[in-house]
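Student: Sequence:
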Amino acid sequence: MKSKKAVIALSGGVDSAVSALLLKKAGFDLTAVFLKNFDIKSWLTENNKNEKFTDSCSDLADQKMAERVANFLDIPFYVLNFEKEYAKNVFSKFIKGYEKGITPNPDVWCNTFIKFGALLKFVEKISPNAYLATGHYARLRRANLKFQISNLAKYFYLLRGVDPSKDQAYFLWQLGQKQLEKVIFPIGGMMKTEVREIAKKNRLPNATKKDSQGICFVGKLPLKEFLKMMIKPKIGDVVLSNNTKVGEHDGAFYYTIGERISASEVQSSKFKVHNKFQNSKLLSDSRKALYVIYKDIENNKLVVDFDETQISEISNFKIQSPNKFQNPKFKIQLNETVRAITPGQHVVFYRGDEVLGGAIISN
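This note's numbering applies: residue 2 is where the sequence shown begins, and numbers increase by one.
Think of the hints as simulated: they come from the structure by calculation, not from any bench. Be aware that a few hints might be false.
To be verified - No farther apart than 25 Å at their CA atoms in a straight line, the calculated lysine-lysine pairs in the DSS-like style are these:
1) K65 x K193
2) K233 x K97
3) K193 x K211
4) K246 x K101
5) K246 x K233
6) K211 x K89
7) K26 x K233
8) K225 x K235
9) K5 x K122
10) K167 x K201
11) K101 x K235
12) K5 x K89
13) K97 x K225
14) K85 x K235
15) K229 x K94
16) K94 x K233
17) K65 x K94
18) K193 x K225
19) K229 x K211
20) K85 x K101
21) K37 x K97
22) K225 x K94
23) K65 x K37
24) K179 x K126
25) K229 x K101
26) K193 x K167
27) K210 x K167
28) K97 x K5
29) K201 x K25
30) K85 x K26
31) K6 x K65
32) K225 x K122
33) K26 x K167
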């Protein structure tokens with residue numbers, strides 16, 4: 002690592018704060034930035050304002066904490082506005098995804114298009130030799146080549162974080178070599194408890210701050226209540242797999258595969274969402290009927306079979322593709338089963354700790 006310059010993205014949380022502390026102690030010429038990504042005022046109207054939403058969605062408290070951390074560490078601090086980029090590449094896609102009946106993952110987009118997209122471009126523009134550092138629980142390993150190959154000499158592998166309960170490599174699967182060679186993950190090799198202890202020992206201002214949970218722009222609202230503010234309700238039927246009506250719903254796009262329908266919507270609590278129809282029918286059935294055999298995948302489209310385990314636990318599979326990945330469509334047949342694979346969510350492939358790539362479930 003030749004350059005000792007880095008820009009640290011401070012979120013106001015303890016992970017990025019400890020990352021900044023470690024880089025400062027390592028002798029880096031460090032600059033801190035806080036990203037202002039979401040402007041709630043541009044999305045709310047008089048008809049969909051909600052106090053719980055507007056009060057909790059403000060990032061002002063996080064910004065102030067990030068600045069406190071920067072001042073404590075005696076490093077320059079700046080606020081960068083990426084609201085336009087976030088609206089286009091994250092929030093709009095999130096809402097449109099639900100309107101289409103899928104369950105998007107905005108965290109992956111935020112990393113791809115904002116933190117390691119717009120922010121990294123900004124860093125490269127103001128200081129071409131500087132690295133971008135974040136508080137992600139992920140690791141990088143440089144290829145150990147015995148001979149020089151021009152296009153592989155700087156190849157980096159993306160690895161899981163050491164702490165299995167906090168691993169965030171999953172959310173970074175879309176990053177390419179141009180991004181990986183310019184980033185640093187200072188806490189990727191640490192356990193969360195170790196990060197906390199470092200924060201407390203060094204008396205960081207946010208040493209005892211709780212970790213953020215859920216989707217940042219939803220705030221304290223239940224997701225379904227938030228979606229009702231953004232997407233107009235549309236009444237439809239809840240049916241069994243044989244098309245027998247068992248209830249009604251207020252919008253198929255408010256649900257995700259595997260979610261239990263409330264008793265007010267269906268008389269028996271055993272029914273769960275199974276699929277979504279274009280005619281606004283919401284197919285539900287017992288837990289057993291949720292064990293789908295194949296699902297389609299979008300973006301490097303994938304077809305998987307599953308039953309009752311989680312996709313992250315699947316390690317044995319076969320890839321079926323006539324053109325080896327040159328074709329955007331390919332099929333994976335799992336040797337184990339997975340329950341409730343959800344369109345819009347991301348499937349990430351690993352070889353041990355190494356991230357090989359990923360895809361987006363479509364159907």
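Student: Next step is simple, just say for each hint if it's right about the structure.
Tutor: Checked hints:
With a C-alpha separation of about 23 Å, the suggested pairing of K65 with K193 holds against the 25 Å cut-off. At roughly 12 Å between alpha-carbon atoms, K233 and K97 fall within 25 Å of each other, so this suggested pair holds. For the given pair, K193 sits about 12 Å from K211 by alpha-carbon distance, which is consistent with the 25 Å threshold. Between K246 and K101 the alpha-carbon distance is near 22 Å, which keeps this suggested pair within the 25 Å criterion.
Pair hint K246 plus K233 holds up; C-alpha atoms about 23 Å apart against a cutoff of 25 Å. Straight-line distance between C-alpha atoms of K211 and K89 comes to about 30 Å, which puts the hinted pair past the 25 Å bound. With a C-alpha separation of about 52 Å, the suggested pairing of K26 with K233 is violated against the 25 Å cut-off. Note on K225 and K235: the hinted pairing holds, with a Cα-Cα distance of about 13 Å set against a maximum of 25 Å.
Annotation: proposed proximity of K5 to K122 holds, straight-line Cα distance about 18 Å (limit 25 Å). Distance check on the hinted pair: K167 and K201 sit about 19 Å apart at the alpha-carbon level, within 25 Å; holds. Proposed proximity of K101 and K235 is supported: the alpha carbons are some 13 Å apart, at most 25 Å. Distance hint between K5 and K89 is unfulfilled; the C-alpha atoms sit about 33 Å from each other, more than 25 Å.
Straight-line distance between C-alpha atoms of K97 and K225 comes to about 15 Å, which keeps the hinted pair within the 25 Å bound. Taking the CA atoms of K85 and K235, the gap is about 29 Å. The hint is violated against a cut of 25 Å. With a CA separation close to 16 Å, the supplied pair K229 and K94 stays within the 25 Å bound. Between K94 and K233, the direct Cα distance comes to roughly 17 Å. Compliance with the 25 Å bound is thereby established for this hinted pair.
As the CA atoms of K65 and K94 are separated by approximately 29 Å, the hinted pair breaks the 25 Å bound. At most 25 Å may separate the alpha-carbon atoms for a hinted pair to count; K193 and K225 exceed this at roughly 31 Å. A distance of roughly 28 Å separates the Cα atoms of K229 and K211; the hinted pair therefore is violated under the 25 Å criterion. Proposed proximity of K85 and K101 is supported: the alpha carbons are some 23 Å apart, at most 25 Å.
For the given pair, K37 sits about 22 Å from K97 by alpha-carbon distance, which is consistent with the 25 Å threshold. With a C-alpha separation of about 17 Å, the suggested pairing of K225 with K94 holds against the 25 Å cut-off. With a C-alpha separation of about 12 Å, the suggested pairing of K65 with K37 holds against the 25 Å cut-off. For a cut-off of 25 Å, the pair hint linking K179 to K126 stands: about 14 Å separates their Cα positions.
A threshold of 25 Å between alpha carbons decides the hint, and for K229 with K101 the separation of about 14 Å falls inside it, so the pair holds. Only pairs whose Cα atoms come within 25 Å are accepted, and K193 paired with K167 is accepted, the gap being roughly 7 Å. A C-alpha spacing of about 16 Å is found between K210 and K167, which places the hinted pair at or below 25 Å, so the restraint holds. For the hint pairing K97 with K5, the CA-to-CA distance comes to about 42 Å; that exceeds 25 Å, so the pair is violated.
The hinted pair formed by K201 and K25 meets the criterion: a straight-line CA distance of about 17 Å does not exceed 25 Å. Proximity of K85 to K26 is assessed by CA-CA distance (about 35 Å); at most 25 Å being required, the pair is judged violated. Of the pairs offered as hints, the one joining K6 and K65 holds, with about 24 Å between alpha carbons and a cut-off of 25 Å not exceeded. At most 25 Å may separate the alpha-carbon atoms for a hinted pair to count; K225 and K122 exceed this at roughly 35 Å.
For the hint linking K26 to K167, the alpha-carbon distance of about 24 Å falls within 25 Å, and the restraint holds.
The structure fails to meet hints 6, 7, 12, 14, 17, 18, 19, 28, 30, 32 from the earlier list, while all remaining hints are met.
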